[in-house]
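Using the hints, position chains H, L and E with the ligands against chain V.
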Amino acid sequence: MVDMSTTLAGATLPNPVMTASGCAANGKELHRFFPVSDLGAFVTKTVMRDPRSGRPTPRMAETSSGMLNSIGLQGPGIDAFCEQDLPWLAAQGARVLVSVAGNTAEEFGEVVQRLVASPAWPCVVGVEANISCPNVANRGLVFACDPVSSERVVQIVRTRVPEGVPVFAKLTPDVTDIVAIADAVLRAGADGLTMINTLLGIVIDTDLLRPQLAGVTGGLSGPAVRPVAVRAVWQVTAAMRAGTIPTAPVIGVGGVRTGADALELVAAGASAVQVGTATFNDPSAPRRVLTELEEHLARHGFTRFADAVGVAHERMAAL
Amino acid sequence: MVDMSTTLAGATLPNPVMTASGCAANGKELHRFFPVSDLGAFVTKTVMRDPRSGRPTPRMAETSSGMLNSIGLQGPGIDAFCEQDLPWLAAQGARVLVSVAGNTAEEFGEVVQRLVASPAWPCVVGVEANISCPNVANRGLVFACDPVSSERVVQIVRTRVPEGVPVFAKLTPDVTDIVAIADAVLRAGADGLTMINTLLGIVIDTDLLRPQLAGVTGGLSGPAVRPVAVRAVWQVTAAMRAGTIPTAPVIGVGGVRTGADALELVAAGASAVQVGTATFNDPSAPRRVLTELEEHLARHGFTRFADAVGVAHERMAAL
Amino acid sequence: MSGSGVVQVAGEVVANRRVGAYHHLTIVAPGVAELARPGQFVALAVGGPTSANLLRRCFSLHKVKASGTYGGTLDVVVAAHGPGTQWLTGLSTHDAVDVVAPLGRPFPLPAEPVPCVLVGGGYGSAPLFWLAEALRERGCHVEMVLGAASEDRLFGVVEARRSADGVTVTTDDGSAGRRGWVSDVLGEVVDRTGAGVVYACGPMGMLRSVTEVAQAHGAVAQVAVEESMACGIGVCMTCVMPVRGTDGTTRMVRSCVEGPVFRGDLVRWDAIGGGITRVPEDAVGAPRPGGH
Amino acid sequence: MSGSGVVQVAGEVVANRRVGAYHHLTIVAPGVAELARPGQFVALAVGGPTSANLLRRCFSLHKVKASGTYGGTLDVVVAAHGPGTQWLTGLSTHDAVDVVAPLGRPFPLPAEPVPCVLVGGGYGSAPLFWLAEALRERGCHVEMVLGAASEDRLFGVVEARRSADGVTVTTDDGSAGRRGWVSDVLGEVVDRTGAGVVYACGPMGMLRSVTEVAQAHGAVAQVAVEESMACGIGVCMTCVMPVRGTDGTTRMVRSCVEGPVFRGDLVRWDAIGGGITRVPEDAVGAPRPGGH
Ligand SMILES: Cc1cc2nc3c(=O)[nH]c(=O)nc-3n(C[C@H](O)[C@H](O)[C@H](O)COP(=O)(O)OP(=O)(O)OC[C@H]3O[C@@H](n4cnc5c(N)ncnc54)[C@H](O)[C@@H]3O)c2cc1C
Ligand SMILES: Cc1cc2nc3c(=O)[nH]c(=O)nc-3n(C[C@H](O)[C@H](O)[C@H](O)COP(=O)(O)OP(=O)(O)OC[C@H]3O[C@@H](n4cnc5c(N)ncnc54)[C@H](O)[C@@H]3O)c2cc1C
Ligand SMILES: Cc1cc2nc3c(=O)[nH]c(=O)nc-3n(C[C@H](O)[C@H](O)[C@H](O)COP(=O)(O)O)c2cc1C
Ligand SMILES: Cc1cc2nc3c(=O)[nH]c(=O)nc-3n(C[C@H](O)[C@H](O)[C@H](O)COP(=O)(O)O)c2cc1C
Ligand code: FES
Ligand code: FES
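Residue numbers (the numbering used here), protein chains in the order written: chain V, 383 to 701; chain H, 383 to 701; chain L, -17 to 274; chain E, -17 to 274.
Hints were generated in silico from the structure; no laboratory data involved.
It should be emphasised that the depicted structure is a prediction, and the values quoted were computed from it without experimental measurement.
Check the hints yourself; a few may be wrong.
[Said to hold, decoys possible] Subject to a maximum C-alpha distance of 20 angstroms in a straight line, what follows is the list of computed EDC-like cross-link-like pairs (lysine to aspartate or glutamate):
| hint | chain 1 | residue 1 | chain 2 | residue 2 |
| --- | --- | --- | --- | --- |
| 1 | L | 47 | L | 16 |
| 2 | H | 410 | E | 240 |
| 3 | E | 45 | E | 115 |
| 4 | V | 410 | L | 240 |
| 5 | L | 45 | L | 141 |
| 6 | H | 410 | H | 461 |
Chain V with its partners taken away, still in its complex shape:
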C-alpha cells in the first residue's frame, strides 16, 4: 500500500490524479464510468463570465498520437456553473479544482468573485487560472505568452480567492522561456503551476486543401506532446531546486495515458497529474491511471507518493 496523498500548497488530496480541464466536462458524463470522487481532484472545464457558444465546427482533427481542438471555451458562464455544475460535484463528494478564464484580467476577477460566492464553494480545493487563453485587451495575445499580462491576472485572481485555497496558473508551452513565465506568476502570488496547456497547431485537410478546423488553428494535445510536458515540468522544477525561482507545487499535464506516463511527470517534478485527451480514448483513463501509478510506485518500493515527486532530478546518470 502506497500513501497516495499529495499536498498542493496547503490543499491535501487523497491522491494526485485529476481530470484535465476541458477533457471531462463537469463530471456527470464521466461519473457513468467511475465515481468522480475517486480522483484526487476533479478539474472543471474552463468557465468564463458569460455563456459562450464556442467556435464553429469542425473543431477537431485527429493527429498522430494526438488531436487538435478549437472548442473556443464553450460553456454556460459562471452563474450557471455555480448553480448547476458545482453543486452536483459537491454532492458527489468530489474535490474540485475550478478552471477560470476571462477575456481581460479584470474578467478573471469577476469570475472568481462569483465563484467564491457560490454556496457550493466549500468543495473547491483550488482555482486554476487558465492564462493560456487570448487576452482581448492585448490584440488577442495569449496571456501566458507575456509575463506582464500573466502577472496581472494572477494578482487579481489571488486577491479574490480566500486565503488557504491555492491558486494555480496554467501555462502554455508555446513560449521561448517557460521558466521566466513561471517565475513571473509565482512572484505575482500563484501558489502553484499547471503545465502544460496545448501547443498551437494546424492540420490541413488534404481533400479540401484547407485547414481542417473551421477556426484554422487549434491546440495540440495527447501522447504526442508528452515529452514537451515532461520537459516543461523538469525545467521549472529544476529552477526551483536551483533556487532561481520560488518553490511551489507543479501539476503535470500533457499526454498522460498510462500510469507510467503519469510517473514520468511525477519523477520530473509534478506533485499531481491531470489526464486529458486520453479520456477520449478510454473514459476510465483517469481512474485507471491512478491504479496504475500506484502499482508502479509499489513496484519501485515507494511507500509514499510524495517521495517520488522529482526523484529523477536526484537520479541523474553520472557522466
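Relative to chain V, chains H, L and E with the ligands alone:
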C-alpha cells in the same frame, strides 16, 4: 504528369522533396535504397568546423508517434566533409543543400568559407544555416531563440556564400513568436526559411527513474510534431502574404511520413518539403513521399507543383 | 458503473463479412443489448495497443442480441474510409476491440400507432431495421426508403423487405431502384401512407432535405446526425450543432449526448453547409462583434 | 537497389512458435538469404499501419533460407519486452511485417581452421548456430558456451549439440548446466580447446567479461553488441559506441554499420556502464572543457 519542379530563391530543383538534416547522414547509406539524385535536393547532416564526437548515449528515446534525439551534432568537421562527403554526393549527381552550424556566429562564417572553397562546391544548391543550435557565446541559448543572434549568423553566412546560391535559416518552433524570428532573419539577408527543427523534450525512463537520454533533454521529431510544423509554415507565410514580413520561399519539415503529410506543408505554404524521422521507419520514405505527393497533386488536378504552394490560404472556409 | 446506462467492455469480433461496399461486424459485448435502443451508437477504439489513432470511432448500432453462443453481441455496418475504419474492417474473428455503448439518445417512438417512413442513406440504413421492428411492435405501419450513390452502397434492401411494409429504393446512378435521391420519392411515400413521423439517418445534406420534405408533407422528421466526434461520451465539446430548444433558443448542443437524434425542424440547417457548421448569431453565447 | 547488399521487402510471417521465454519467428523475405551472413541483423517495422511506434526493432538473424515452400525466409528469436517486441511476438501466420535486411557487418571468419568458442547470453545465442556451421565448414573446431538467468531463457541448447563439437551451459540460478556466468567457464574452454577466437553475443556486461577472459587466455574476442538503435541503417547516429580504430584512435562509431560485431579489445569498455556510454576524453571530437 505534374511539373514537380520548384524554384527556391533562384535555385531551381526538379522536385520539392528533400532529406532532412541529420536524418540521412551524408547520402551513402540511403543510396542503397534509392538514388540520392532522385530527390530535389539532398540535405546533409549539419557540419561544424571541427570534428565532434556528439553526446553520450542513450541518445534517443522513442515517443508516441515520434522520438527524442540528442546526437549533439556529431560529425567529421567541415574539412573531412569537403574531402569525402561532398565529392561523393557530387559524383552521384545530387543537388546538395549543406547544413552548417557553429558554436559562435563567427564559426558559422568559417565553416561556410571552407565549404565554398571546396572543389565539389558546384553541386551545392543552397546553404542551410542551422541556427537552432546552442550559441556558446550567449550562455548556450539557441541562436534561433533570439532575433539578434539569429540576424548576426545570417549576416555572416550570407556574406560568405556567393551570390546566386540561396541561404536558408532553419528555425526552431520553441519560441513565443516565430514570425518575429522569421522577420529578423529575412531582413538580415536570408533568402529563405526552413521550418521546423525539433521541439525540446524530455523522456523519463520509468524503470530507472531518470531521464532516458544521457544528455537529459533532446529534440522531439516525427509525425507527433507535424501540426506544429504546419502551423509554423502557415503563420510565417500568412505574414508574408499580408506583407508584414518580406516574402521568401519556405522549406517545410516536421513529421512528414506520406505524400499527404507533405501536401499539408505545401498547401500551408511550403515550396519544398524535407523528410526526416520517417526515414528511420522506412529508408525509402523520401523517395516514396515524392511519388505520393505527385499522385495527390494529380488527383487534385494540379499540373504544376508550384500552383499548390500555399493553396490552403486561398481556400479558407467562409464562416 | 451499474445503472449508468452505458458500459465499457473488452469486445471480441465474432464475424466480419463484406456486404456490398460495407463490412458487417458482429462483436461480443456483454451488457450492451440490455441497455440499447434503436438510434443509439457505439464508440470503438481502433488500432490496438500500439495505435497512433487515439480517438474512438462511432457507429450506429445495427442490432444487438442480449445473449447467444458468445454472450451478448452488437452489430455494426462499417464503410472503410480512413485509418480507423480500415483497421476495423480488416479485423478477423477473435480480434479484440474495446467497446463503449450504448451512447446517445435513441429515436423517440410515437405514443400512438402512426404510420412512419424510415429513410436511410448509404450505411445510414443500418439502425433502421431494428427501429422498424420496434415501431411495428407498437402497431405502426412502416415503410422504408433506402438510397445510395450506387447499388453496392445500399445496405439492407433484402432485410428491409422483411422489416417494413413497403420499401422504395433510389440510387444516384440508377443502378438499383429509381434513379435519384431519397428526397425525390419521400413526399409521395409520406402522402400515400399518411405518415406522421419520418425517421432518417444518413449524410447531412440528405437529412436536411428529408426534414424539408417531411415538413412540407405534414410529418415530423427525426434525424440521426453524424458529426465528427472525438469522445462520443459528452466530455470534449467537438460534436456540437446549433439546435433550437423547446424554448425557441438556439444552443450549440453536443450531438453525442443530446443527439445523435434530433427533431429535424429544430436543427439550424441555415448554419450548416460547405463542410462547416457556423454558430448562428442568435445562438446562446455567440461571438459578438469585437469579441465576446 | 541491386548490388547494395540490403533489401527492403514486405515480409509475411509463416511461423511463430514459443521457445522457452522467447518466440521463434519465420518470415518470408525474398532476397535476404542470398546476401546475409552470420552476425548480421534485420530491422523490422512494428505495429502495422496505425502504429505509434515509428522506430524499427533490430534482431540478429538466427538463420536464413534462400528458397523454400514460401520463397526465401529468415528466422529471428524475439524476447517480448516493450511494445514493439510484444507486437511481434503476438503476430500470427500470414500477418505482414516490413523487413530491412541484412544489416551490419557479419562475424569475421578466420582465414585458418582455428578452434573457436561461441558464447551466447540468453537470446544472444540466436546467430551462433549459423556461425558455427560456417566455421565448421572451414574446418574449425567449434565449442559453444550458452548462458542465461534461468533454463527458460536459454536458447538453442539442443541445436547447439548438433552445431558444435562441445557445449557448456550455465545459468545464474543453476536451473540448467553449471550455476554461474559464462565468463566463469569460458577460460577453461578456451584453454582446453586452444581457441584462437571467441565469438560472443549477449548483454553488454557479458561481452565485456568475455573480452577480458578471452584476452587473458590468449584469444581474440569478436563481440556482437546491442546498442539502442533508431534506424539500423546508419543514418541517425544514435547507436554509437567508443571503439578504437586500427590507428589506435577512439571514435564514436555507429554500431549498426561499423558493428554490430567489434573486436572486443577495441571497444572502450571503460566508458560503458550504468546504462550510459560516455564519450572518452581522448575520443575524436570529444567535448573539451568549456565547450567544443
Ligand atoms: C453517431 C454516428 C454514427 C455513425 N454510424 C456509422 C455507421 O453506422 N457506419 C459507418 O461506416 N460510419 C458511421 N459513422 C461515421 C464513422 O464514425 C466515421 O466514418 C469514422 O469515424 C471515420 O473514421 P476513420 O478512421 O475511417 O476516418 P478519419 O477521417 O481518419 O477519422 C478521423 C477522426 O475523425 C472522426 N470522424 C471522421 N469522420 C467522422 C464522422 N463521419 N462521424 C464521426 N466522427 C468522424 C473520427 O472519429 C476520428 O476521430 C457514424 C458517425 C457518427 C457520429
Ligand atoms: C543488433 C541487434 C540485435 C538484436 N538481436 C535481438 C534478438 O535476436 N532478439 C531479441 O529479442 N532482441 C534483440 N535485440 C534487441 C531488440 O532490438 C530490442 O529488444 C527491441 O528493439 C526492443 O523493442 P521494444 O519495442 O520491445 O522495446 P522498447 O524499449 O519500447 O523500444 C523502444 C526503442 O528503443 C529501441 N531499443 C530498445 N532496446 C533496444 C535494444 N536492446 N537494442 C536496440 N534497440 C533497442 C527500439 O528499437 C525502439 O526504437 C537486438 C538489438 C540489436 C541492436
Ligand atoms: C478538447 C479539449 C478541450 C480543452 N479545453 C481546455 C479548457 O477549457 N481549459 C484548459 O485550461 N485546458 C483545456 N484543454 C487542455 C487540457 O486541459 C490539457 O492541458 C492538454 O490537453 C494537455 O493534456 P492532454 O495531453 O492530457 O490532453 C483542452 C484540451 C482538449 C483536448
Ligand atoms: C536523429 C536526428 C538528428 C537530427 N540532426 C539534425 C541536424 O544535425 N541539423 C538539423 O538542422 N536538424 C537535425 N534534426 C532535425 C531534422 O532535420 C528535422 O528538422 C526534425 O527532425 C523535424 O522533422 P521530422 O519530423 O521529419 O524528423 C535531426 C533530427 C533527428 C531525428
Ligand atoms: S463527441 Fe465529445 S462531446 Fe460529443
Ligand atoms: S541506428 Fe541509426 S545510425 Fe545506427
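Hints, one by one, checked against the model:
At roughly 8 angstroms between alpha-carbon atoms, residue 47/L and residue 16/L fall within 20 angstroms of each other, so this suggested pair holds. Between residue 410/H and residue 240/E the CA atoms are separated by roughly 14 angstroms; this keeps the pair inside 20 angstroms, and the hint holds. Proposed proximity of residue 45/E and residue 115/E is supported: the alpha carbons are some 11 angstroms apart, at most 20 angstroms. In summary, the hint linking residue 410/V to residue 240/L is supported, as the alpha carbons are separated by about 14 angstroms, within the 20 angstroms threshold.
Restraint check for residue 45/L and residue 141/L: satisfied, since their Cα atoms lie roughly 12 angstroms apart, inside the 20 angstroms limit. Proximity of residue 410/H to residue 461/H is assessed by CA-CA distance (about 18 angstroms); at most 20 angstroms being required, the pair is judged to hold.
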